[in-house]
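Novice: Residue numbers (the numbering used here), protein chains in the order written: chain A, 1 to 288; chain B, 289 to 572; chain C, 573 to 954.
Treat the hints loosely; a few may be bogus.
[As the list claims (entries may be wrong)] Pairwise CB distance ranges, derived in the manner of DEER restraints:
id, chain 1, residue 1, chain 2, residue 2, range
1, A, Phe70, B, Ile324, 29 to 39 Å
2, B, Tyr314, A, Ser191, 19 to 29 Å
3, A, Pro201, B, Pro292, 29 to 39 Å
4, B, Ile317, A, Ala14, 41 to 51 Å
In short, the hints are calculated from the structure, not lab data. Glycine residues also receive a C-beta, built at the ideal position from the N, C-alpha and C atoms.
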Amino acid sequence: MSLRQRSVPYWLLAPGLLWLILFFVVPMYFMGELALRSGSVTTGFTLTWEWSNFGDSLSGHTEQILRSVFYAGTATLLALLIAYPLAYAIAFRAKRFQLLLLFAVVAPFFTTYLIRTIAWKTILSDSSPVVSVLQTLQLVPQDGRVLATSGAVIAGLTYNFLPFMILPLYANLERLDGRLIEAAKDLYSSSTQAFLRVTLPLTMPGIVAGVLLTFIPAFGDYVNAQLLGGTGQAMVGNVIQSLYLSQRAYPEAAALSFLMMALILAVVTIYIRFAGTGAFMGDEEEAK
Amino acid sequence: MSAPARAWAWLRHNALLIYAGLAVTYMLIPIFVIAIFSFGDTPKDKLTYALGNGFTFEYWETMFSLPELNEALFTSLRLAFFSTLIATAIGTAMAIALVRHKFRGRHVSNLLIVIPMATPEVVIGASLLSMFIYYSFSLGFTTLLIAHVMFSISFVVVVVRSRLIGFDRKLEEAAADLYASPFTTFRTVTLPLLAPGILAAGLLAFALSIDDFVISNFNSGTTVTFPLYVYGVSLRGIPVQVNALATLLFLVAVIAAGLVVWQQRRAEKMAAVRPETEAKPVTA
Amino acid sequence: MEPGKNKTERATAFVAMLVAAAVLALGLAACGGTTGGGNTGEKTTAEGGEVTGDLTISNWPGYIVPGKDGTIAQFEDASGVNVKYIEDVNDNEVFFNKLQPQLEEGDSGGRSIMVLTGWMAKQMYDLGYLQEINHADLPTVFENMVPSLLDASYDPGRKFSVPWQSGMTGIWVDTAKAPEIKSVNDLFDPKYKGKVTMLLELRDTVALVMQAEGVDPEEATNEEWMKAVDKVKGAVESGQIRRFTGNDYTEELTAGNIVAAIGWSGDASIIENPNAEWRMPTEGCVLWSDNMVIPVGAPNTPAALGWMEYVYDPKVAAELAEYITYLSPVEGLEQIFAKTNPKMAKDPLVIPDEEFQKNCSSQVSPPDAEAVNKAWQEVVTG
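Based on the provided sequences and hints, a complete structural model is requested.
Specialist: Have a look at this one:
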């Protein structure tokens, strides 16, 4: 390969890497340094290599951390169950309406996160017809409520992050060769088997991408918990926001943030290993 | 076949489409609610979720009469446009490099792309703010743009990469066999086939930017984006015009999609008329 | 590729990246870091002068008459000043945090006026983030100010703050569902479980809870604050309290999700519930003021002072009071309302009434604000 050809990847990567280093890595360094300080806003924060900040923030907020994993995990699962058939339908069964449906899926995003969530708040408010129906169906106790419960928060998370699941699934499904499925149907006795043995494995990269893109922001979200939840539904994001903005406990906030990142990275690594694909990391040969 | 059997067969055959319809309806429920309440008359022109006051077009007519709202909306659109452009370009380039080329530092690059996605927005926002202050970089549109591009790049890479994987290289090899240069191959074969993935990534980047609240909240200075404006007014009464605008934005997006589809159908019809000269567009 | 080589390569690459990033960051961080501690230099006084140019004001939402005939438009016509009015103060603490790094450097982000609640104004002043105000530059203000506001516990002698509006924290009650609620203690009654909200602001909620137990917040010790925090904590754990809110308790009342809320006296115009009524708790309310302050580094302070003068004109103040429905800091509105809005002339929620407020305490911070706030945040953040 000529030098010119060999340097192509570096040229392609350079702008992105530079941007990420300058505007992500460097601020993270500042944040890491902050996590090791102690003090307060009035007395100033000094660097005292306070490693205990990490342990303290973890032990002090275990409840919210576990709760966030549960909420985000449930929301991701629900999103996957809802999104996969939808993405499949758009990719294979809606030839003429494909783009339209895609837009219909992404368009709600254009109406602002907050407005959408506030709309759900109305739809699920105690005196709304929706809740009355749910009560009649015994899904909600007679004197119970939907808002300010875990269910409402999970429902909000699922709804708000659904496009994050649909788009990667679609992008992956769309380039799946329909003939492979036909061939599978010829060989396997039912569509179900064809699906399980051919389609599903081939769309794994899309599923991996969708799950990660949904779980991670859901995990760090605080808007849904704040608007749709009540006391007892706070997530890690709410804690971090409180620490940064309401308590000005920057070292603790920074330490907790770092722990969150570490936790997510651990989950991501385990998940990728389990899903058995280096395909996500971009090695074509492994994908084949 | 008997009638019930036929009905059942029809149901089974179209189950997926019916499901898709239901799912899309579910996604649009809040939009309906938002739209409905944009027509409700309210005493102080502030949104309330009580429908007792009657129907009016007033808020649609005066949609652009609030200067702060207009400014916020325009800012958000400008921001999203530029941030999408930059992030999609940078991200696609990165995805191609990562999937197609072997080079040193690939694992580091992968890491660098994944980690921002694993970081809570509160953290990204706050850390960026402290850096901007440190270097006395004045907060405003530029800092917002920097932040938005930063968090969009990773998503673009992931989406485009997901499409690139398993991409049939044979088509490109065929082009090369026909003496096309790498650049021409890229332009006429790879890029068009990659287009749906890039489009999806671009859509995602645009949506992420226009919707972003947390990171913008930290890095905006006195610049007000649409979500920040909504947050500000949500605590003391949202002007009903906001709902009207939100509905309008949604309609614009849908109409745009409709236009694209209509255009596509026309192209197909033209192709049908001249079979010898027109090659069928390559679809997956 | 051999797997072994892969792993080592990855590890080395990762470490290399970290080192490079650290070196890069350290290299860039040549100057000293800003890490709090406040400005301890001399306090500057805001300069007076000709009222022209541009003015940027940060205020709470809903605190001004909007639109083409609103207060801003009228001021711009009268003075020729070009005003940028931003409603970005939603919470004192959050606003402080957003601005603190800049204020540390003497930069107000372009703002010439900010409106902050009394205790936060004091906090900022103590940290050196505010400029002092010369009374000679504000004749109208000090002539028309309600006498009880001329002095404040957070700003004796009004060195740096000028009240914008005052308010009272008490109880909002849905009289159709819970007409018998008259005291903050009633909010702890199990029959209202899950149908009660309280404010996020500890200087409102905890103070009222203490007051209902017979403790005067202005004299309370840390232990007494903490005891009240614990009482609320118990209510959270039992599910008594549905949520902690900012202004959004008004939505809950409108939607019928709650029967009572700790809330502010001036929010009647936002609550679309004909049965909702603000009640002065039997043990008294908490009295607070939101104040205009001039930050360090404020551009065009003469225009800022001009704005303050303008809003203390009784005619302007009456318009504001009628729209905002909070306590006006300007005297003499009864005469104006007697002609235009007789009901409001007697409204104790708009015209300060000493008799009405006799049991109320002024809003104060706990002696050890940080410790109490930390405990409180644990309670309200689920």
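Novice: Does each hint fit the structure? Answer for all of them.
Specialist: Results of checking the hints against the structure:
1. Checked against the hint of 29 to 39 Å, the C-beta distance between A:Phe70 and B:Ile324 comes to roughly 34 Å, which is consistent with it.
2. Hint check: B:Tyr314 to A:Ser191, Cβ distance near 25 Å, so the stated range 19 to 29 Å holds.
3. The hinted range of 29 to 39 Å is satisfied by A:Pro201 and B:Pro292, whose Cβ atoms lie roughly 36 Å apart.
4. The given range of 41 to 51 Å is respected by B:Ile317 and A:Ala14, whose C-beta atoms sit roughly 45 Å from each other.
In terms of the numbered hints stated before, the structure departs from none.
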